[in-house]
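If you're matching them up, the sequences are chains A and B in order.
The first sequence begins at 1 in UniProt numbering and counts up one residue at a time.
The second sequence begins at 1 in UniProt numbering and counts up one residue at a time.
A couple of the hints might just be wrong.
Since the list gives no way to pick out one identical chain from another, each pair is judged satisfied if it fits inside one copy or across any two copies.
[Claimed, not checked] Cut-off 25 Å, straight-line C-alpha distance, at most; resulting in silico cross-link-like pairs (SDA-like, lysine to any residue): (1) LYS149 x PRO319; (2) LYS85 x GLU276; (3) LYS85 x ILE2; (4) LYS74 x SER418; (5) LYS23 x GLU247; (6) LYS62 x SER375; (7) LYS26 x LYS296.
Simulated from the structure, these hints should not be mistaken for lab results.
Chain residues, written in single-letter form:
There are 2 protein chains.
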Amino acid sequence: MINYSATYTDQYQLTMSQVYFLKGHKDTHVIFDYFFRNLPFNSGYAVFAGLEDLLETLETLKFDQFDLDFLREKGFHPDFTHFLKDYRFKGTIYSSREGDLVFPTRPILQVEGNIIEAQIIETLLLNILNFQTLIATKSSRMRQAAGSKRLIDFGLRRAQGAAGYYASRAAFIGGVDATSNMRTGRDYDIPLSGTMAHSYIETYDNEFEAFMDFAEVHPDNCILLVDTYDTLKSGIPNAIRVAKKMELQGKKINGIRLDSGDLAYLSKASRKMLDEAGLDYVKISVSNQLDEHIIKSLQDQHAPIDAFGVGTNLVTGHPDAALDGVYKLACANDKPRIKLSENVSKITLPHRKQVFRMSDDEGKFAGCDAITLDSEQDIKMMYHPIYPHKFLSLEKFHKEPLLEKVMENGIRLTKSQSLSEIARYSNEQIQKLPEEYKRFDFPHLYKVGLSHNLLKEREKLITKYRK
Amino acid sequence: MINYSATYTDQYQLTMSQVYFLKGHKDTHVIFDYFFRNLPFNSGYAVFAGLEDLLETLETLKFDQFDLDFLREKGFHPDFTHFLKDYRFKGTIYSSREGDLVFPTRPILQVEGNIIEAQIIETLLLNILNFQTLIATKSSRMRQAAGSKRLIDFGLRRAQGAAGYYASRAAFIGGVDATSNMRTGRDYDIPLSGTMAHSYIETYDNEFEAFMDFAEVHPDNCILLVDTYDTLKSGIPNAIRVAKKMELQGKKINGIRLDSGDLAYLSKASRKMLDEAGLDYVKISVSNQLDEHIIKSLQDQHAPIDAFGVGTNLVTGHPDAALDGVYKLACANDKPRIKLSENVSKITLPHRKQVFRMSDDEGKFAGCDAITLDSEQDIKMMYHPIYPHKFLSLEKFHKEPLLEKVMENGIRLTKSQSLSEIARYSNEQIQKLPEEYKRFDFPHLYKVGLSHNLLKEREKLITKYRK
Numbered sequence: 001m002i003n004y005s006a007t008y009t010d011q012y013q014l015t016m017s018q019v020y021f022l023k024g025h026k027d028t029h030v031i032f033d034y035f036f037r038n039l040p041f042n043s044g045y046a047v048f049a050g051l052e053d054l055l056e057t058l059e060t061l062k063f064d065q066f067d068l069d070f071l072r073e074k075g076f077h078p079d080f081t082h083f084l085k086d087y088r089f090k091g092t093i094y095s096s097r098e099g100d101l102v103f104p105t106r107p108i109l110q111v112e113g114n115i116i117e118a119q120i121i122e123t124l125l126l127n128i129l130n131f132q133t134l135i136a137t138k139s140s141r142m143r144q145a146a147g148s149k150r151l152i153d154f155g156l157r158r159a160q161g162a163a164g165y166y167a168s169r170a171a172f173i174g175g176v177d178a179t180s181n182m183r184t185g186r187d188y189d190i191p192l193s194g195t196m197a198h199s200y201i202e203t204y205d206n207e208f209e210a211f212m213d214f215a216e217v218h219p220d221n222c223i224l225l226v227d228t229y230d231t232l233k234s235g236i237p238n239a240i241r242v243a244k245k246m247e248l249q250g251k252k253i254n255g256i257r258l259d260s261g262d263l264a265y266l267s268k269a270s271r272k273m274l275d276e277a278g279l280d281y282v283k284i285s286v287s288n289q290l291d292e293h294i295i296k297s298l299q300d301q302h303a304p305i306d307a308f309g310v311g312t313n314l315v316t317g318h319p320d321a322a323l324d325g326v327y328k329l330a331c332a333n334d335k336p337r338i339k340l341s342e343n344v345s346k347i348t349l350p351h352r353k354q355v356f357r358m359s360d361d362e363g364k365f366a367g368c369d370a371i372t373l374d375s376e377q378d379i380k381m382m383y384h385p386i387y388p389h390k391f392l393s394l395e396k397f398h399k400e401p402l403l404e405k406v407m408e409n410g411i412r413l414t415k416s417q418s419l420s421e422i423a424r425y426s427n428e429q430i431q432k433l434p435e436e437y438k439r440f441d442f443p444h445l446y447k448v449g450l451s452h453n454l455l456k457e458r459e460k461l462i463t464k465y466r467k
Numbered sequence: 001m002i003n004y005s006a007t008y009t010d011q012y013q014l015t016m017s018q019v020y021f022l023k024g025h026k027d028t029h030v031i032f033d034y035f036f037r038n039l040p041f042n043s044g045y046a047v048f049a050g051l052e053d054l055l056e057t058l059e060t061l062k063f064d065q066f067d068l069d070f071l072r073e074k075g076f077h078p079d080f081t082h083f084l085k086d087y088r089f090k091g092t093i094y095s096s097r098e099g100d101l102v103f104p105t106r107p108i109l110q111v112e113g114n115i116i117e118a119q120i121i122e123t124l125l126l127n128i129l130n131f132q133t134l135i136a137t138k139s140s141r142m143r144q145a146a147g148s149k150r151l152i153d154f155g156l157r158r159a160q161g162a163a164g165y166y167a168s169r170a171a172f173i174g175g176v177d178a179t180s181n182m183r184t185g186r187d188y189d190i191p192l193s194g195t196m197a198h199s200y201i202e203t204y205d206n207e208f209e210a211f212m213d214f215a216e217v218h219p220d221n222c223i224l225l226v227d228t229y230d231t232l233k234s235g236i237p238n239a240i241r242v243a244k245k246m247e248l249q250g251k252k253i254n255g256i257r258l259d260s261g262d263l264a265y266l267s268k269a270s271r272k273m274l275d276e277a278g279l280d281y282v283k284i285s286v287s288n289q290l291d292e293h294i295i296k297s298l299q300d301q302h303a304p305i306d307a308f309g310v311g312t313n314l315v316t317g318h319p320d321a322a323l324d325g326v327y328k329l330a331c332a333n334d335k336p337r338i339k340l341s342e343n344v345s346k347i348t349l350p351h352r353k354q355v356f357r358m359s360d361d362e363g364k365f366a367g368c369d370a371i372t373l374d375s376e377q378d379i380k381m382m383y384h385p386i387y388p389h390k391f392l393s394l395e396k397f398h399k400e401p402l403l404e405k406v407m408e409n410g411i412r413l414t415k416s417q418s419l420s421e422i423a424r425y426s427n428e429q430i431q432k433l434p435e436e437y438k439r440f441d442f443p444h445l446y447k448v449g450l451s452h453n454l455l456k457e458r459e460k461l462i463t464k465y466r467k
């Protein structure tokens, strides 16, 4: 839906690139790491999303004529804009699989190429991956809370403008069952959901007539919104009348929806009224500013709810509006690079790297990922990145390398995956993560450590630059 | 940049519309109000933004063939999809001016048309206006804190995906001077900003050489990032050497940028070093997770900062990721409509309405807007919407009607405004708002009241529906 062009970037990517170009550094070969430093939502894990969209965009990214004219007008050098005319991303990308679980500080994706192509895509890459990973993570948490109940994305109207389009995609990876967002549903083949708003009922002179018209037109997708006037005195009794009328035609309405008031109380009272009317098949959906904590509370209260509709808090990732993903230089011209910082945890990791995930004999995740130099074949110990006297033996674990080459010289190596394949894969991974990493309060810390070789390399560079 | 089509909507807009169509209600004439209930950020005001984008989108909105095929496939009735083939928005819109200050509960915009056209655009309208108003408001608060200092949007990488495109537009309305976002800058003619990242310096073997190359290529746009290795021991001394070298060529670098550490301390120390080197013209920019409160704190500490670069907190509207704007039915078939709620503040206002803003003799806003029936020419008193025994005489004020017809039968009546015109208008309005509404802590409450006639009409409907 979005018409990206290569000016979907920060100006500094181009001012830097112009220096590289005019000063003869345009062929500097570099490696950048994409990673984040902090998990959002106090979550014990995050769900990586956005890779397919990124790769697809990179395959066709270029400066169009309008861009080039604009750059000239802004004073960029004609030799440089001439060079940009033929710009295409011809780099190589190593990445975790979309939908995989990811953790702070470890590379999720690495970009290898010349400095100009790698720099120009930085903004786009962060913009796509940070947001979709944030929302897939939020969605996954809501899925944890909802258990096997139905979970539906209603967020488009409250999404951050055009972000809503991709929010619905990412939410599906994280575990929602359906979306109200028709455009994203259309483009990514996501099941759709939605029946009626309050305004629909208000345009009629009475609620029963509004319900009845809807049931007749949509007998197979009939969820009646019961709180326009008075849920228990008007909405539910009218829904019961409609259900009974439809039964005479051999039809069954699907359910009712509660969108205000105390959802625990109202769902129980509604369930009782429906059951007493012999309508135990009529399902109860709820909505109204839900998040994972409210869903969990409703579940803990045994509210007889069959489906949760989630909006604002899902599609905006409230209260953490952004994942703090960064894109840091690890290598330039085959020399390892580092960014120092007063804050030790912000010092970057040099070299091209690999990440291994540890599993036990049952295939469950052991709760640790180890970052190694790319050349290391086996790793026996991993070290805490800041306190290296803390270490962990990895001998007993099964080790799986996580970074796979997905694009080479600008061409995709892996075949494009459908959204439902990605969602299925993500769900399989979350099943392998032990429960204590998934709880909402003080989740168990998933450890990310460094190999001894990587640690030594980092120390060497710190010493060099501190001099 | 976004290719909207009419399926950029929630499914329920179409399931409802299908009922209207098949049950013979498609010509039901309706009026919807757009308003929000709560100010974000504990702000004393909000800045309305997004109108131009909305109107432009509505002028061309339609279901394309792909949409229509998709709807058929999803089971929508062939007569209905045939009808949608010719769907165009032919309604009428009354709106506040883009960039104006807006307050809770009062209509900001009204849509009048047939029920189907008015319903289909709801999601799109909320999606565009809620987000841009949120960000323009955040930006305006940052502008209040920054005073006359330069304020720059660096947010694209941390924006919610494609939201970043419109965030930069809205931020400019609210008062930023420039953006790093080239694409939005190109499309909306916003001044651009941006020089170098840490990676640029890291690709060089030494910082001085990196600075020098940059200064030679960009002598007129040279802001050196000084915190890659050590701000005061390496970055500033190297920046001074470069500035001195450039002076020999008759050039002056623009400034330095601090992106980590204690910005108050480092800006003071840097200023001192630069001044002692005779470089009082070299400006100091800062960035790193700034928001309006941190900017205010830096100002209160008299940090010698010339420019603030703002990112995540600006473009995501952190910590309030969404404006709670809603779209509520006020009239159907010339009969006033209302939505009741247990929560009195959520009861809607019936009828087509006008909003008047009160000003004093000096042209300063008096701190109150009055909502009236559209037919009322003059209003002498306004009443508290929930506690009508609280009222206010409006006799002494100048009254300006705020809702203007901007689109009629789907055609724009007002000429399209440039972004800089909108930003200028917004700035004029904010100058008229007394300081106590602009402060961050417990801002003075801007009052929104109802005319006596509107109050009576609402009471009548509440009584009717409660029966």
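Going through the hints against the structure:
1. LYS149 x PRO319: within (24 Å within a copy, 30 Å between copies)
2. LYS85 x GLU276: Neither: 71 Å inside a chain and 45 Å across chains, both beyond 25 Å.
3. LYS85 x ILE2: both (21 Å within a copy, 23 Å between copies)
4. LYS74 x SER418: Result: close only across copies, 19 Å inter versus 41 Å intra.
5. LYS23 x GLU247: Between copies, since 21 Å is at most 25 Å while 79 Å is not.
6. LYS62 x SER375: neither (33 Å within a copy, 55 Å between copies)
7. LYS26 x LYS296: This pair counts as neither: shortest intra-copy Cα distance 53 Å, inter-copy 41 Å.
In terms of the numbered hints stated before, the structure departs from hints 2, 6 and 7, listed from lowest to highest.
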